[in-house]
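Enquirer: Given two chains presented individually in distinct reference frames, assemble the corresponding complex, making use of the accompanying hints.
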Amino acid sequence: MSSHMDCTTFEASLADFLDGGLDERTYAACEQHRAGCAACHALVSDLDAIVSTARSLPLPAPSHDLWSGIEARLETPVLPLDAARDRRAPVVPPTMVWRRLAVAAVALVTVSAGVTWTLTRSEPAVAVVAQGLPAEATPVEVSVTTDAPVTATPGTRTASSTGPTFAIDTLYGREIAMLRTAADASLGLLDSTTVGVVQRNLDIIDNAIRESREALAADPNSGFLLEQLDRAYERKVDLLRRLVLL
Amino acid sequence: MHTLTVTGLVPDQPHRHRPSASAVAQASFAPAATAVAGSGSIGIEAPDTERADIAAAASGDRRAFERLYRTHGQRIFALCLRMSADRGTAEELVQDVFVRAWQKLDSFRGDAAFGTWLHRVAVNIVLSRRKQDGVRRERTVDDDTSLDAAPARAVHVGDRLDLEAAIAQLPTGARRIFVLHDIEGYTHEEIGDLLGITSGGSKAQLHRARLLLREALSR
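For the protein sequence lines, the chains are A and B, in the order given.
Going by my numbering, the first residue of the first sequence is number 104, and it counts up by one from there.
Going by my numbering, the first residue of the second sequence is number 31, and it counts up by one from there.
Isolated chain B, as found in the complex (with noise of 0.2 Å):
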């Protein structure tokens, strides 16, 4: 039988405990700060540079924030393209996020890192914008489907562009929820929470939305 070809997978491992979090998968627009585990969500640890920046952002300086755009913007545009599955729409939902971050720069106590805090905001401008746009038919969280026939036979996840095609062609609950969970490092509770639904709910879309990503990579 085939086996996949994936870097870092190791096929006979226990899976009982799976990190929370997983680490900037590479450099942002500046320099990288160092990446930490959050409690579910990715977290930035703040350089002395980075703490200047934000109180000189808050205190209205926009070169300072304009770093901070450097350092965190290319994680944001991240999590806004494969949430909304639309460059477009992605770009434009960094630009939403890095204004509304200015303009409520003043809240941020630095209880928790910067980026753990900006990407909380992006997640809420992301799922925003997915209410005001209800217009729009979209597939959603409920829609049919299939999962009948999960394929018997291995598939092949060599290639990062088809996952990432794949996840952009994911039903928008389930891809959300797999965006959050298996790349941004939420909890199911976390989850639950943001989009207003159970974790055991949560927990059923994300293995929906695998089985749906193996189909689709195997055809």
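Chain A extracted, bound-state conformation (with noise of 0.2 Å):
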């Protein structure tokens, strides 16, 4: 290549000039174009603080932690309960059991709200009502944009309407009453057996949930049989959320 380049020729080469893909010849009959025009010395140094700037760019964050919709959607296996309930039960002080609730309250919140973001961002805030999937154990009826009182179908619960499954089901059923209604737009994207499978599940979890609130019922200061129905209620949870997300 001749050593007298011109502006079209450099500019041809630029891409190979900039990152290393010429020869030795038409390196320096480039260098020695660049410093005699001031044009193209320009635009090498331009894309070269481009370059530069480019490496060195901060780090952009989030708007917030994702991390609470990220564990939301790991997998969590869910296991029938019945082969539990045949394990000798331990001996679990009541007092350890509520402060266990309480850490579980406070993370249930935590990481729900992240689907709860995810999940009113886009839609308007109406009035939810359980729908789509069979009834179940505590069906509610619960208003997305207020704090209503969830109002538990009559007879289903066993336990005394102060007293600690009254509580759970406090706890759980405005969570599940709108994670539900959110599942079953996504259950309309997926095929029969999937959902099939989906609803094999529900009852199982839907079975240790009404097996345990009647055992409670007959043994109400058991706090093995309160963790085991707050398990329960967790598992529905987390599966309805991870439904959500899909």
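To be clear, the hints were calculated from the coordinates, so they are not data collected in a lab.
Built from N, CA and C at the ideal position, the CB exists for glycine as well.
A hint or two may mislead.
[Said to hold, decoys possible] Interface residues of chain B toward chain A, partial, derived using beta-carbon atoms under 10 Å: (1) Phe128; (2) Phe138; (3) Gly140; (4) Leu157; (5) Ala234; (6) Leu241.
[What the hints assert, rightly or not] Label pairs and their computed distance ranges (CB to CB): (7) Asp294(A) - Arg159(B): 47 to 55 Å; (8) Gln135(A) - Ala85(B): 52 to 60 Å; (9) Gly118(B) - Arg303(A): 52 to 60 Å; (10) Arg130(B) - Asp306(A): 38 to 46 Å; (11) Arg150(B) - Glu127(A): 31 to 39 Å; (12) Gly118(B) - Pro323(A): 43 to 51 Å; (13) Gln133(B) - Val298(A): 52 to 60 Å; (14) Arg92(B) - Ala115(A): 34 to 42 Å.
[Unchecked claim] If you want a taste of the chain B side facing chain A, the calculated C-beta under 7 Å gives, among others: (15) Leu111; (16) Val124; (17) Leu225; (18) Leu243.
Expert: Structure follows, in structure tokens:
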């Protein structure tokens, strides 16, 4: 290549000039042209500045912590709780159970915040009535936009309305109602086989919830049963949440 | 003639040997691990604690996996944001990336740095998302954005926000190649493999992207 390079030839070689793809002779010709041509010198300097700045761009941060949304989607196997019923119940002091439930409640609220945000940012605020999935142990009616109390279906709650079962129902009922409505939309996108699997898992969990409540009605001071009920609810929330985020 | 006011610019330095990778620009969510230049992408040299977290997470420990997220999440978000040019999409992509990483963690053998492996997962997720979104017409690698009026005058790149905004305005194909090559440190061969184009095509798109950025920044 001639050592007297013009601008057109220089620009044709520019990409390789910048990134090191030229042989020594061509590179020297480019350097010579650049040294004597103000326009090409400026062009190289500008592109160099762009590359240099791009390499040192600061890392942007998301608008909110994304972990809760990620954690909600991490796969959690749904285990049939019936198997656990046959195991010998460990002795759990009631105070410890309540401590765990308090922690679970905080975790639920925290994790659900991301889901709630996801649901509410694109959907108008409406009164949500659970539908689509078959009725379950704790059908509830709840407004997304208010703190209206959860209304449990009469006759489904076996413990005292001020007892621990009621507290758990209240804790999870509102979340489940909202998630179920959104989950219906997700189910509509799945094939029938998958919907069948989901429904069977929900049935297993609902059975566990029902049996735990019946057992609690007979033995309301059992910390173990209370914990079992809480875990069953937790599994249900987790399954619905994953459905929503499909 | 106006000269650029960009930190780190050495106008007359030779251009023949540019590094194949850049360093991590700033600390991630958690205190940053040591950044190392890998073969085309950024690697994070895993300290013992990270190796332990990887092993624990592969066994189902979510808290360990959260620590990995805290360490690498911001870098992955930056990649997703710059590749997609949309903050909401980027946040969804980050979630997809970490969910996929969780599912595939047992396949991570430690042959590469975890950060590099995660980065590859992220790039694949971003690119597959793009394919899924094919219904929406976007400017592509082959669009005809004009370069005829490349400016002869100098540009201002002093504000990094200007450059970020200009990158976001690039045509999709050019933007991806610019991000992968000039920001993330991938080679043209690697980009060619990822995008299904030749390395020459990648090189041409990169040059085009740089000229478009110059044009945008000179307005």
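Enquirer: Hints broken by the structure, by number, lowest first?
Expert: Hints 2, 3, 4, 7, 9, 10, 13, 14 and 17 contradicted; others consistent.
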